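Visitor: These are the residues of each chain, in order.
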Amino acid sequence: MSNETVLILNNVKAGYAIKRKFIDAVSGVSLELFHGEIFGLAGESGCGKSTLLRVIYGFVEPPLQIIEGSVILKTKDEKFEINKLGIEELKKRVWWRYITWILQGAMNVLNPTMRIQDHFIEMMMLYSNVDRKEVQKFILEYLRSLGLPKEVANAYPTQLSGGMKQRIVIALALLFNPLIVLADEPTSALDVVTQRVLLEHLLAVQKEKRFTLVLVSHDMDIHGVFTDRIGVMYAGKIVEIAPTEELFNEPMHPYSKALIESLPRVGDKTIRKGLTGSPPDLSNPPPGCRFHPRCPYAMDICRREEPPQTTIDKNRYVSCWLYTKR
Amino acid sequence: MSNPLLSLDNVSKYFGYGVIGLLRFPAVDGVNLSIGSEKPEVVTIVGESGSGKTTVAKIMLRILKPTHGVVKYLGKDLWKLKRGDIRRFIKDVQPIFQDPMDTFNPFETVDSYLISVARSLLKLDKDESIERISRTLEFVGLTFDKVKGKRPNEFSGGELQRISIARALLAQPRLLIADEPVSMIDASLRINILNYLRRAKDELNISIVYITHDIATANYVGDKIYVMYRGSVVEQGDIDKVIENPLHPYTKVLLESLPDYRKGREWFKTRLAQSTQTVIEIREMLLKGCKYLSYCPFKTEKCYERPFMIEVEKNHYISCWIYHNNK
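Chains as they are written, first to last, in our numbering: chain A, 1 to 326; chain B, 327 to 653.
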């Protein structure tokens, strides 16, 4: 991880306009991503993790819309303001080359009537004017470099296991050496053993190619073993950003605390307490801090005013009135 | 010794596959399992997807009839029960399903559904039903007024799962069969559901079969564990013994691949003792040998025969030839 910034999100607000409701899925997110780091986005289902990825990728189509804020991608020679580019332009200039997105359940994107290598060949032909034979050679070499067995290239997707398909999709995403890879729950459909093998593979590839990886997962344990930094999301907001180790050793926001303390551990049967209540309806979020109805430390101000993002020290931010000087 | 509450005796269930379903594979293959009737216990069944956990649950609930083997309820064959005994079985053994949305009729209000359950299972009149329902709802931290007149879609997943626990408790069962009850629930609320299950055992003396893919939650609620792999039980026993000292190569791999934030990146340093395989083969399931054969790094010639359960220490059984040889 270096200090070179590759992506800056500045107070991004986005949501879904459905009928007369507006679902406030990303509500004022500011974030910086650095070159070569693994950034984890944690949070429960429906807290806006996937929407945030979509906004970063720039794939904003109705009913999703960006209300305000900017998403800036910094490459070596250029600077792109992603929220201002249209989808056609992004396709030509940004996607695959600088940012790729591994969708949730991505292993289902493979075409069952095409051999694995043809997926790669098609993609290469689409983006460069090289000879098919040459491409084929390159692809075989590429798959080998990622540690995928030779017989995979000639197999059809149905012949492969879920874990192997997921590795193929990751290989596809890395084909043009992107700067940023967005991975949305890459292991949620896999069994624990396969998940472990895939995470090992992903970590090895990331170390070698040194791209920035944004990993979305609801599983705190995966974040704990895999990421460098974590952003904890709750109801459309990032409530805490911290280096992984610090977050687990000393969570600051009451929500992160509850998330970590409620994890059952192997070999430990002591009774744990969970949170009460449930996450708010994002079309009608509570006033003030969105966590206050469930927060055991809620004060008067939490019910009235939204807490600002407070810098605790370098790389550590928390949005909570407990840590904000008034 | 009295009869176990529910027992599975060498139970198998075959499903057809292929174009017209002529080919058959065992989803559950020779499973022995018993739940004691003397004191309440939480029996957990752990395995990956496709290991036959849910099929076992369905066999226990008398939803599926096993192809081979006998399921016994208090010593009587479940499929030869008289009508009165079936009623008693339905009252005594209650399910909790994975998706709480599926448990309730979307067109019916939750309270009227609960009342109809109380009236048909317990033969109570309306006022008595409401009183009983209020008491069970209190157990899961809800009140009757809170559910009155509401349809399932007006509740969050966590609330609805609590109501479905209350529904199961309404019949005053002796056994709950919970099939992945927390996998659809938000992380911050999961532990609450697990705590209700623990309290049901401690305070209401109810035994529970807890089926999951997540060993950490199994360890939190369980007393006993059955580790399943491709339809067979590979290791079973007291949960503390199995988790502290896993012996079957599969159980070892399963425990090692469980991410643990306390280990951080160190977690990746332990090597998995498993050989990798790229193409899935259904034929393996039909093989006569050990189910774990194709992944097992310790396999020998002997493993092409099916191993059987042996006791390695008190209340700790394993089905692997490695330990047969040591004995």
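Quick caveat, the hints were computed from the structure, so don't treat them as lab data.
Treat the numbers as computed from the prediction; the structure is a model and nothing was measured.
No residue lacks a Cβ here, since even glycine has one placed at the ideal position from N, Cα and C.
It is possible that part of the hints are untrue.
Claimed, not checked - In silico SDA-like pairs for lysine to any residue, Cα to Cα no more than 20 Å straight-line:
| hint | chain 1 | residue 1 | chain 2 | residue 2 |
| --- | --- | --- | --- | --- |
| 1 | B | Lys567 | A | Tyr142 |
| 2 | A | Lys79 | A | Leu103 |
| 3 | B | Lys589 | A | Arg265 |
| 4 | B | Lys595 | A | Val266 |
Claimed, not checked - Chain A stretches covered by chain B per the calculated footprint, using a threshold of three residues with CB under 8 Å from any CB of chain B:
| hint | stretch |
| --- | --- |
| 5 | 173-186 |
| 6 | 305-313 |
Visitor: Could you run down the list of hints and mark each one as holding or not?
Guide: Quick rundown of the hints versus the structure:
Distance hint between Lys567/B and Tyr142/A is unfulfilled; the C-alpha atoms sit about 46 Å from each other, more than 20 Å. Restraint check for Lys79/A and Leu103/A: the C-alpha separation of about 25 Å exceeds 20 Å, so the hint is violated. For the hint pairing Lys589/B with Arg265/A, the CA-to-CA distance comes to about 12 Å; that is within 20 Å, so the pair holds. For the proposed pair Lys595/B and Val266/A, the alpha carbon gap of about 19 Å is at most 20 Å, so the pair holds.
For the stretch 173-186 of chain A, the stated coverage by chain B is not satisfied: 0 residues place a CB nearer than 8 Å to a CB of that chain, which falls below the threshold of 3. Check result for the stretch 305-313 of chain A against chain B: violated, 0 residues qualifying (beta carbon to beta carbon below 8 Å, three or more required).
The structure fails to meet hints 1, 2, 5, 6 from the earlier list, while all remaining hints are met.
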